[in-house]
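Going down the list, the sequences are from chains A and B.
If you want this note's numbering, it's the 1-based position in the first sequence plus 297.
If you want this note's numbering, it's the 1-based position in the second sequence plus 71.
Calculated directly from the structure, the hints in this document are not laboratory data.
Note that the structure is a prediction, hence the values are computed from the model and not measured.
Each residue gets a CB set at the ideal place from its N, CA and C atoms; glycine is no exception.
Heads up, a few of these hints could be off.
Capping the alpha-carbon separation at 20 Å, the derived lysine to aspartate or glutamate pairs in DMTMM-like fashion look like this [unchecked claim]:
1) Lys215(B) x Asp309(A)
2) Lys215(B) x Glu331(A)
3) Lys366(B) x Glu273(B)
4) Lys215(B) x Glu273(B)
5) Lys215(B) x Glu407(A)
6) Lys215(B) x Glu200(B)
7) Lys215(B) x Asp526(A)
Pairwise CB distance ranges, derived in the manner of DEER restraints [as the list claims (entries may be wrong)]:
8) Ser150(B) x Asp309(A): 48 to 58 Å
9) Thr132(B) x Gly516(A): 51 to 61 Å
10) Ala439(A) x Arg212(B): 29 to 39 Å
11) Ala524(A) x Thr184(B): 52 to 62 Å
12) Glu555(A) x Gly404(B): 50 to 60 Å
13) Trp216(B) x Asp378(A): 22 to 32 Å
14) Val209(B) x Ile501(A): 48 to 58 Å
Among the chain B residues that face chain A by a calculated CB cut under 10 Å, a handful are [unchecked claim]:
15) Glu178
16) Thr309
17) Met310
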Amino acid sequence: MTDPTPLLTVDDLAAGYDERTVLDGISFTVREGEILVVLGTSGCGKSTLLRCVVGLLPPRRGRVLIGGRDVHAARGPDREDILRSVGMAFQGAALLNSLSVAENVALPIEEHWGLDRRTATMLARLHLSRVGLAGAADLFPAALSGGMRKRAGLARALALEPRLLLVDEPSAGLDPVTARGLDDLLLELRARARLGIVVVTHEIGSIQAIADRVLMLAGGRVLAAGALDAVRQHPAPEVQAFFARSPLPQAGERSLLEGLGGS
Amino acid sequence: MIPAARMGTDTPRLVLRPPLDGASLEAARRELSRLPAGSALLVDVSAFERVDTVTVARLLTLLADARSGGLVVRLAGTSSSLAAALAAVPLALVEPGTPTTHRSWLEQLGAATLALRDRARRMLPFLGEAIGGVLVPVGPRGLKWEIALAQMAQAGVRATPIVVFIALLVGVVLALNGALQLRQFGAQIFVANLVAISMTREMGPLVTAVVVAGRSGSAIAAEIGTMVVSEEIDALRTMALSPVRFLVVPRLAALAIALPCLTVLATTAGIAGGWLIAVLVLGLPSQAYLAQTVKSLFVGDLATGLVKSLAFGTLIALVGAWRGLTVEGGPAGVGRATTAAVVTSIVACIVTNAGFTAFFYLIG
């Protein structure tokens, strides 16, 4: 039976850096076995949203509930417990460069589950084999290609068997074959482990391949949300420009010829 | 020569002609400067049938200057080529910039005070967690000895040759300078006292601290700062792992242990340097010099040096780690943090040394 409580609830979230507001009034939910794709053009606040969800950036307003518990209000062991139920794969993988790939994946297992190093490393190798990196376990991150790094980051995000997985730009900078492989991996994780997955991307191919629902951001606000086909039909020029892959004229910006004449 | 810019006489009208080079731009600017703010100005660009990007850029700088001077500018005679070049140019590119607001000294003082308060608020939990972490040496949440031992090897063992070499030279210099003065009183044997006490209480700990700040304080800041830039610290946090417990506490323990050990070696090397000068240059008997050295030192002197070195090790590790964790601005920020870590560590060690010396003097 499906748990009625959403894995992730973002409620009227506002966030930013210094005096700059990046997100304003963001609300959505993610349930188990669901892939939500957050999309939008560069700089629209997608990655900031993930940082807020995982507790790295405190919100100015609103709440982030993971499994019904407020990640920003929680402290100490309670916060640790919430974060253990979330896995995050960073855009650049963010592997610890001083550790081998297997050690990177084993680190959270060893620390949180109290397993001995040998068992933790074996578990790490299992996770790495799931993402097709069994042969790279003993390499250091510097020796990995971009696609391998992303998969290693994904394996580490899955190490504590989270219920919610956050993935930042999984296919950015990858060749189409590797990108498709990562999409397939996310689909498999959803089907097999019933994970709730939030993927931030602006790759239209990935969106079409994996999205159950999409959330389109523009200017730090939710512009459109729902099933991909429904969002595609949204009349907003930003949505149409995004899916048509054409640049959008800057609203409200006067051209020099308009302003100074040009006869 | 056809003038590049000519001001119309009936109405304010600036006629521009190609080539629009530096000299013609200057001439045009001089004409513009004669117009009072608020005047309308027609800029005639009809002579520009074909334009390149440099000409467009020069024209834009001129328009921006005119608008900054308060002129109401209109373009006239825009050719299709120029219109095409200007089609995508936003008006904002030639808008006068927002004037910089100058804050009074009182406002600046207030802002600096608030920034200091914010920094202290962020620093206190860091200090608490770092120092508290060292006080839990064992257990599942205890000190990461594996990392600490690796750091001790890096910061301690590998620093030994350079620390010993520099301390030896400091001992030599102290002995030579002391001998010059003491010779006047026929008291050259007291060079032993001078070198032994100076090295044990002051120079040994301080020389060691300066070398370690340069070697290890900078390395800690650079290593942790790079991890901040590459989101490794964020990754640790998302895994509910404390970067302070993983990265700072082992380095703090390593330096707090390594510094006193290095200081003992440095002090010994400095005394050896003094002995070399005494025996080889001043012609003092070796046995007498060593006996005088032993006679001049008390346990309190040794304890003073060790307490200072423990404090210096703690300071260097904390400053380096803090500078690393607070890196902003990408790779350039790492460079700044590294420099700041070394400078702050050395200044902090010297100030702390002065404080300790004053304290020990007062308590006798």
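Violations among the numbered hints: Violated hints: 1, 2, 4, 7, 9, 12, 15; rest satisfied.
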